[in-house]
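Participant: Sequence:
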Amino acid sequence: MKFAKLFSVFSLATLAVAVPTNENSGKEKDIPWGAFPVSSTPAVPIPIATPTPTPTPTSTDVEHLGRAVIVNRCKVPIYIWSVGSIIRPQATILPYGRFFETYRHDKETGGIALKISTVHDGLYSSSPMTIFAYNLAGGSVWYDLSDVFGDPFAGHPVTLQPAEPQILWQDGIPPSGSMVRVRDASGDLVLTVSIRVAPSAANRALNLLRTVQFTHPPSCPCHRNPGYHNTNTPSLMTHVKRHLATPVDPTREKEYAFEMAASSIRFGPGCTKEVGMDFANMGAKRVCIVTDSNVAKLDAMKQAVEGLTREGIEFTIFDKAIAFAKPYKPDAFLAVGGGSVIDTAKLMNLYNCYPEADFLDFARAGPSTRNYSPLVAVPTTAGTGSETTGTAIFDLVSKKAKTGIAHRNLKPTLGICDPLNTRTMPSAVHAASGLDVLCHSLESWTAIPYHERTPRPTNPINRPAYQGANPISDIFSLEALRSTVKYLPRAVRDPEDHEAQSNMLLAATLAGVGFGNAGVHLCHGMSYPISSQNPGYKHKGYQVDHPIIPHGVSVAVTAPAVFRFTGASNPDRHLAAAEAFGVDISTVKRESAGEVLGEAIAQFLAKLGDQPRGLKDLGFKSSDLEGLVEGTIPQQRVLMLAPNLSGELEAERGELRKLLEESLDY
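In case it helps, mature numbering (1 follows the signal peptide of the UniProt record, and there is no 0) puts the sequence shown at residues -18 to -1, 1 to 648.
Hints were generated in silico from the structure; no laboratory data involved. Take the hints with a grain of salt, since some may be wrong.
Here are the simulated EDC-like pairs of lysine to aspartate or glutamate, each with C-alpha atoms no more than 20 angstroms apart in a straight line [said to hold, decoys possible]: (1) K598 to E581; (2) K255 to E293; (3) K589 to D566; (4) K640 to E577; (5) K267 to E293; (6) K267 to E296; (7) K640 to E581.
Input sequences plus hints: build the corresponding full structure.
Facilitator: Here you go:
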């Protein structure tokens, strides 16, 4: 690839070096690549010579060596080679991931060159290359800022503000234009690569294929599945060691594939009125409309009914769900309402296909094989993302239990996401629904990766709907998280902020696609008993005559504790999530990732307003925790994807109890 072609792909590229562990560190300053001349000559590693500087460092004994760190804030993978007398294997950093190596000294070359490219195998082609060079000498690290921009840029002015001053060379002229700095070897050096990409369609497809084929970031070293750890994965980063270890069960084969399933989605203000034509196009003659008493009064319901009437399609609005659907025998379903309404319609559709089945027959059943009737979902809240998923959650009131049924065939045929339908949501509903979006995106982003799930199904029809994080779900989950952090506070504060409301509906749909394929884990697993064992709490702003803990509230109340707990499973992912909350992660150590993310979530909830600051605010006491633990244990559909959770039952009980204790008050 020639440089001219490179700059037709990248609309903006910047590099910055920061020394985060020094108290007197200056601010980072981004420098555009385009400000320097370019060359198609591949970069060659140049060991850093040790000059005679003034002053000379005197430290010769370092107890804990620092690290050379490279952070990828690009929207594409970047590729790194650590080059000394030998070339270490290519490492791949996915977007918002990071690479690091502890400082090392090469006896033959002296210096180490960390070579960076946006091109797979770019080291072995004429692709442009960026070099981050350093030399460990005694208790100090020498590093060359000019080489950060590649050899073609040596000698050109670089306006950075590192903590350490430029070395004063004896003859006043640095060799080859080098701008060498020196620092104590106990601190980290962090190079942040930030590239906004505007790739062609061909390059986008190629990058996606490479990402899917070769990479998924190293993650959960402590997942509950006994066959989870330390076997070969289809990743180029096999030389990167895990930080924690667990026993291996060689009899359980890991997953090697993931599937992408989502409903067709139509998004736009006013698109609800098209629903009648949709059913006519499907050939529907007899439609069952599923709604609730509040939604029945709203414009969304009026638009849907008018559309069906206009197309001459018979319809009836249900009264008693399954008992109603069986004798009515509709050939299509229309759900207008929030997640509960849409989930009810999914179950009505399921039992309409299996009229002989009892309600609980499918709670732990295998895949269903019959053809379902068309289902169109029109969400009136921005939260559950149920219009995109094959999951239906239900309360078993007699048992004080809440659980779900999940299968791809349950997903709606079409989701009609009309921002006009969310404008009547009260502020409290905006907040609670948005917190569900927040946790959908966080949990699916941090779930175990798909290729770590065991056992692999013997038949693809048995592959679960919740598969673990994968390169496609990652895109939806991370974008949903960013949008939620940006727009939810606005939607809650200002009922006339239609831009924020529209973007929250879109975020809910994006998160639905993400978690509908990757899954959720601990926050949702613990939320089900929290909701079903409600000690009498009635959430402020909900106009109901019975106690209620909104689903989003029950999920978010444990989130600070959960992500402190899961941080060790994949620090890079947790740091990327913290960055979405506005945290400056440049100085954060990987071992602090969970704590930093947990604190960011707690602050976000506090600023949102009118949110319980823990289970105590919901009315739970320490004596209630055992019941919550026992209500969480059966939620294997989501717990199987939980990072850092033990596989042994009693140990798992202890971990859940500790999480709930920490969630009593945050």
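Participant: For every hint, state whether the structure bears it out.
Facilitator: Verification of the supplied hints:
1. K598 to E581: Distance of about 19 angstroms is within 20 angstroms: holds.
2. K255 to E293: holds (11 angstroms)
3. K589 to D566: holds (19 angstroms)
4. K640 to E577: holds (15 angstroms)
5. K267 to E293: Roughly 10 angstroms separates the two Cα atoms, so the pair holds.
6. K267 to E296: holds (6 angstroms)
7. K640 to E581: holds (17 angstroms)
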